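What follows is the residue order along each chain.
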Amino acid sequence: MKPILRKRIATFYPQGFIDTTNSYFIITDDDIKKLIPKDIRMVLVSLKRVVFFNINGITILLENMKKVQDQKKALIIGFCDYNQMQYETIRRFYEKNLYFSLYTTFKIATLFTTPSIAQESILIWNENYEQRNLQSIELFERGYNPVVAHRKRDFLEHLKREGAYDDIVRDTYIGSIGTVPFARVSGSSIIYTLTGYLDASIDNQFDYTYHSKAIRTGFKLFIFDMKNIISMNVKVINFFERLIFDMKELDGTVCVVNLKDVSTLEKIKLELENLGVQIFPTLDTLLNDKELLTELGGIIKENHSHGKTVTKELIHHLPSFINATVSTLEMMLGVTAVKTGKITIKELEVQGGGTQKLASSIGFYGDIEGIIILVFPFALAKKSCSMMIGEEINNLAEVLDSLAEFVNVIAGRVKTHLTDQDLGVSITLPRTYSSVDELLSTLSLNKGVQVDLNFNKEPFTFFLTR
Amino acid sequence: MVSRKDLENYIKNIPPTPDIVKKTIEQVEKQELHKAGEIAKQDIILVKYMQNLINKPIYGLKNKVTNITQIFTILGTDLIYELLHHYLLSLLSPKKWQVFDLTQNTFNELQANLGFYWGKILEYENIKDKEILSAVTLLPTAIIVCDELFQHSTQELEILSDSSIVDYEFLLFKLTGVHLKQLSIKIGRYWNFSQKSLNIIEASSKRNKITDSQTIRLGQWIHLLLFYVLSKPIFINTNLNSFIKFDIDYIQPIYTDFEKALGEYF
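In order, the protein sequences belong to chains A and B. Each step along the first sequence adds one to the number in the numbering used here, with nothing skipped, and position 333 is 380. Each step along the second sequence adds one to the number in the numbering used here, with nothing skipped, and position 156 is 340.
If you're looking for bench data, these hints aren't it; they were derived computationally from the structure. Hints may contain errors.
To be verified - Derived CB-CB ranges, DEER-like:
{"id": "1", "chain 1": "B", "residue 1": "Asn197", "chain 2": "A", "residue 2": "Leu52", "range": "52 to 58 Å"}
{"id": "2", "chain 1": "B", "residue 1": "Ile229", "chain 2": "A", "residue 2": "Ser248", "range": "58 to 64 Å"}
{"id": "3", "chain 1": "A", "residue 1": "Arg200", "chain 2": "B", "residue 2": "Gly447", "range": "45 to 51 Å"}
{"id": "4", "chain 1": "A", "residue 1": "Ala211", "chain 2": "B", "residue 2": "Ser347", "range": "28 to 34 Å"}
Said to hold, decoys possible - Lysine to any residue pairs mimicking SDA-like chemistry, simulated, CA-CA at most 20 Å apart:
{"id": "5", "chain 1": "A", "residue 1": "Lys274", "chain 2": "A", "residue 2": "Ile326"}
{"id": "6", "chain 1": "B", "residue 1": "Lys416", "chain 2": "A", "residue 2": "Gln178"}
{"id": "7", "chain 1": "A", "residue 1": "Lys85", "chain 2": "B", "residue 2": "Lys416"}
{"id": "8", "chain 1": "A", "residue 1": "Lys54", "chain 2": "B", "residue 2": "Gln215"}
Keep in mind that this is a model prediction, so the values were computed, not measured. C-beta atoms are modelled at their ideal positions from N, C-alpha and C, and glycine is treated no differently.
Use the sequences and the hints to build the structure in full.
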């Protein structure tokens with residue numbers, strides 16, 4: 048089927064029904080070949096005139112769109128022109144791995160590919176605050192004037208203002224945030240969720256690069272949640288043996304939770320315990336026992352300082368990092384950043400001491416690798432995070448929690464910037480620190496590029512290292 | 185691209201119903217299937233057409249049937265009546281398709297699919313009426329007409345299709361002031377299709393002058409059926425899937441029954 052090319056978007060318009068039998072014919076290999084050389088930012092399938100689709104049909108379409116994406120790294124793939132029911136159905140189909148984008152209409156999709164002409168006012172609502180903020184940043188960067196509603200009732204109030212907005216972005220999802228679906232962070236531990244039947248194929252399911260970067264970012268406790276595991280065989284023991292061996296010098300801990308209580312797994316359980324894997328009945332048993340958690344996941348010295356320092360390539364891409372960080376903060380705070388001092392390569396040096404400051408770090412790896420560190424005064428962090436979630440945040444724990452999401456948004460932006468320059472990177476989960484001292488004691492930092500900025504007289508430090 | 189004059193010329197050149205087909209239909213209407221079969225035998229193209237269509241997998245006949253009188257008696261009055269009308273339409277189809285990527289065989293496949301599923305829908309709706317059954321045969325008229333009228337404009341269509349979906353209904357109306365379905369109805373009337381079947385075609389899109397609720401419902405069914413069939417793999421890349429606009433809102437009243445109507449064939 049021939050796609051329509053408009054505003055750097057290639058859109059397929061199937062009509063009627065989408066299922067396993069016909070989806071291969073909607074986007075064919077020939078269509079894929081023809082799209083690769085085109086100057087496009089998105090490949091979308093419009094559902095405007097689709098009355099029925101099933102998960103297999105949609106998956107085949109996505110696989111074919113992904114073939115174009117694999118050849119054009121910055122390409123966004125997804126669907127547009129759907130109704131509320133279709134939106135919810137697709138979200139349900141891909142609940143755990145929504146890696147593609149969804150735009151209510153083609154016109155809304157174009158907002159994310161074309162610059163604003165007259166600073167159009169765009170109202171944004173999404174239940175997920177990370178999404179609504181990411182969307183507002185994307186639009187802000189293109190010159191639009193985004194207005195984010197942080198509560199449904201606020202959104203409904205905004206809607207009553209007839210003609211106040213040029214466009215309304217709702218039921219829209221940007222699928223480019225680079226989190227790893229199989230891992231999530233809880234405090235200073237990482238929880239890996241594996242699925243299906245575990246055998247030697249566990250190597251395919253587990254992202255070793257991600258894991259080693261997480262170790263280098265300072266994580267110590269790794270919990271494997273087995274709730275989605277149907278069964279497993281002895282090959283799994285080899286996997287854990289290797290994992291523990293690799294972490295031996297790092298004093299890391301590996302735990303397994305939600306392992307089924309069946310006789311066939313008894314031998315495996317025993318072998319795992321012999322290896323030093325700690326087994327707990329449920330995730331809550333472990334996470335709710337703070338004392339035990341501290342004992343298992345005490346802060347360790349980060350171990351990446353083998354003389355690695357910033358590379359020329361990393362410095363070459365510094366503007367991407369700075370732009371993503373600054374535009375996100377400017378957007379959230381509504382103030383312009385002012386650079387104070389020179390950009391220098393040095394060890395991290397925080398003006399005015401680090402005790403009253405919060406920090407966060409996030410690693411990235413792939414075509415280039417490094418760690419971004421951001422240091423905020425408490426008040427600035429509090430204000431940025433409050434703006435992001437749309438609620439007043441007061442205590443330190445809440446600020447730290449939201450700061451992790453905030454840094455994730457920035458890293459997502461960095462990833463997009465790099466992808467635009469044909470660099471593929473994955474990002475680790477973010478970490479936060481209640482003081483610069485905690486940051487320094489956790490990460491043995493090498494020299495890096497430091498940029499000092501000022502947001503409304505509040506100092507802010509950006510540090511990029513390897 | 186296409187002018188009102190082209191359209192008038194096209195209509196002028198529509199062939200009349202062949203004598204043998206006319207006589208066969210008359211016998212079928214009298215329920216004289218054997219006699220009808222005997223008359224049909226005289227038209228070798230009609231015989232071949234019937235043999236080809238009825239032995240398509242969608243009709244699910246266990247053994248290949250080639251004897252024309254046998255075909256007539258196996259299928260019964262209503263189905264034969266419908267097939268004769270399919271045949272009439274096929275006479276109008278171009279020798280070489282220019283706009284749509286069709287062959288005579290894929291066009292016959294389209295007719296067979298429409299006919300088969302329409303039969304299932306009418307069973308579900310408890311309708312046994314050969315005139316209503318034959319209404320579906322008029323549906324592909326729009327496709328034939330578009331291919332004939334736009335055959336000299338393929339380059340322009342190619343350019344158009346780069347930046348927008350080519351909606352032939354819209355194009356034809358803009359260029360000639362005539363709606364595609366009006367053309368189908370005109371052809372149907374010329375070939376003595378019943379008023380009932382012409383009304384269903386009239387009701388096959390939201391803008392219609394029909395007030396009878398059953399005809400509107402059948403119009404909605406036929407609109408959905410067309411896009412169900414055009415979503416089949418064989419037709420996706422023939423340019424047919426988007427040749428006219430599928431109106432999802434219009435078919436909402438019957439959509440939930442669609443799967444039930446088609447049953448195991450959905």
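Verification of the hints:
1. Distance hint for asparagine 197 of chain B and leucine 52 of chain A: a CB-CB separation of about 38 Å, inconsistent with the stated range 52 to 58 Å.
2. In this structure the hint that isoleucine 229 of chain B and serine 248 of chain A lie 58 to 64 Å apart at CB holds, the actual value being about 60 Å.
3. Our hint of 45 to 51 Å for arginine 200 of chain A and glycine 447 of chain B holds, since their Cβ atoms are close to 46 Å apart.
4. The hinted window of 28 to 34 Å between alanine 211 of chain A and serine 347 of chain B holds, with their beta carbons roughly 32 Å apart.
5. Using a Cα cut-off of 20 Å, the hinted pair lysine 274 of chain A and isoleucine 326 of chain A holds, with the two alpha carbons roughly 13 Å apart.
6. Taking the CA atoms of lysine 416 of chain B and glutamine 178 of chain A, the gap is about 37 Å. The hint is violated against a cut of 20 Å.
7. Annotation: proposed proximity of lysine 85 of chain A to lysine 416 of chain B is violated, straight-line Cα distance about 28 Å (limit 20 Å).
8. Between lysine 54 of chain A and glutamine 215 of chain B the CA atoms are separated by roughly 61 Å; this puts the pair beyond 20 Å, and the hint is violated.
Hints 1, 6, 7 and 8, counting from the list given before, are not met by this structure.
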